[in-house]
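**Q** Sequence:
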Amino acid sequence: MSISTNPSQIPYEGPGRGDEQVPWGGYQVARRTLPILSRVVSRYPDSLVNFRVASSILQSVYLEILAELVYFLNNLTIVNLSKDQFNVARQHIWDLKLSGIEIGWLENRLLHIDEVFIMESLRQRRQALTRRMEETFKQLDGELGCIDKELHELSLKVGPNPPMRLHSVLEGLL
Numbered sequence: 001m002s003i004s005t006n007p008s009q010i011p012y013e014g015p016g017r018g019d020e021q022v023p024w025g026g027y028q029v030a031r032r033t034l035p036i037l038s039r040v041v042s043r044y045p046d047s048l049v050n051f052r053v054a055s056s057i058l059q060s061v062y063l064e065i066l067a068e069l070v071y072f073l074n075n076l077t078i079v080n081l082s083k084d085q086f087n088v089a090r091q092h093i094w095d096l097k098l099s100g101i102e103i104g105w106l107e108n109r110l111l112h113i114d115e116v117f118i119m120e121s122l123r124q125r126r127q128a129l130t131r132r133m134e135e136t137f138k139q140l141d142g143e144l145g146c147i148d149k150e151l152h153e154l155s156l157k158v159g160p161n162p163p164m165r166l167h168s169v170l171e172g173l174l
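So the sequence shown is numbered by the UniProt record's numbering: it starts at 1 and just counts up by one.
These are computed hints drawn from the structure, not numbers from a lab.
Here the structure is a predicted model, which is why all the values come from computation and not from measurement.
Positions of the beta carbon are idealized from the N, C-alpha and C atoms, including for glycine.
Do not rely on the hints blindly, as some may be mistaken.
[What the hints assert, rightly or not] Pairwise CB distance ranges, derived in the manner of DEER restraints:
1. 56 x 9: 18 to 28 angstroms
2. 44 x 116: 45 to 55 angstroms
3. 127 x 171: 16 to 26 angstroms
4. 11 x 130: 26 to 36 angstroms
5. 133 x 173: 23 to 33 angstroms
6. 78 x 104: 38 to 48 angstroms
7. 94 x 9: 13 to 23 angstroms
8. 87 x 123: 15 to 25 angstroms
9. 148 x 120: 14 to 24 angstroms
10. 80 x 28: 51 to 61 angstroms
11. 79 x 154: 54 to 64 angstroms
12. 122 x 147: 30 to 40 angstroms
13. 135 x 61: 49 to 59 angstroms
14. 90 x 56: 19 to 29 angstroms
Produce the complete structure using the sequences and hints provided.
**A** Put into structure tokens, the structure is as follows:
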């Protein structure tokens, strides 16, 4: 699922068409976006105070992007959000901020999600390193076992403290 595909992902079952432009707060917006935009402005009243796009067509587009983004993110869990989708959402937030829409609340949530992505990446790296350490340990343990076996076999022949270790190499021969 992408937030930038057409047609809209926002369902609409009311009267009229969902893409029909209706007046809302001094703007013309798609009918299907009304519940989402109303909820955003109700919860964050300063969201549109600095909205400074002159063209009514662009205003509608930006408000629809905001509604689509909110709808999209609200219907996903962090587990289901891909890194690509996350990056697209961040780009949309950047674009919306440039238009003057105040969405710090959404930006902060995405920063938090980015930290979750970083944590997950670190966990995966840690898991991979742990596996590599285990594999390396098994390999070294195998090599150590071979050395111990050779030492044991040689100690049976030579004894644990061969007499020549502390004496002249030719001792007993001359």
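**Q** Each of the hints needs a verdict: does it hold here or not?
**A** Evaluation of the provided hints:
1. Judged by the Cβ atoms, the range 18 to 28 angstroms given for residue 56 and residue 9 holds: they are separated by roughly 23 angstroms.
2. The given range of 45 to 55 angstroms is broken by residue 44 and residue 116, whose C-beta atoms sit roughly 22 angstroms from each other.
3. For residue 127 paired with residue 171, a C-beta distance near 57 angstroms fails the hint of 16 to 26 angstroms.
4. The hint said 26 to 36 angstroms for the Cβ distance between residue 11 and residue 130, and at roughly 45 angstroms that hint is violated.
5. Between residue 133 and residue 173 the beta carbons are some 50 angstroms apart, a value that contradicts the proposed interval 23 to 33 angstroms.
6. Distance hint for residue 78 and residue 104: a CB-CB separation of about 20 angstroms, inconsistent with the stated range 38 to 48 angstroms.
7. Checked against the given bound of 13 to 23 angstroms, the beta carbons of residue 94 and residue 9, roughly 20 angstroms apart, stay inside it.
8. Between residue 87 and residue 123 the CB atoms are about 20 angstroms apart, so this pair conforms to the stated range of 15 to 25 angstroms.
9. Checking the proposed 14 to 24 angstroms range against residue 148 and residue 120 shows it is violated: the Cβ atoms sit about 41 angstroms from each other.
10. Hint check: residue 80 to residue 28, Cβ distance near 33 angstroms, so the stated range 51 to 61 angstroms is violated.
11. About 57 angstroms separates the C-beta atoms of residue 79 and residue 154, a value consistent with the hinted range of 54 to 64 angstroms.
12. Between residue 122 and residue 147 the Cβ separation comes to about 36 angstroms, which falls inside the hinted range of 30 to 40 angstroms.
13. Under the hint 49 to 59 angstroms, the C-beta atoms of residue 135 and residue 61, about 54 angstroms apart, fit the expected range.
14. Checking the proposed 19 to 29 angstroms range against residue 90 and residue 56 shows it holds: the Cβ atoms sit about 27 angstroms from each other.
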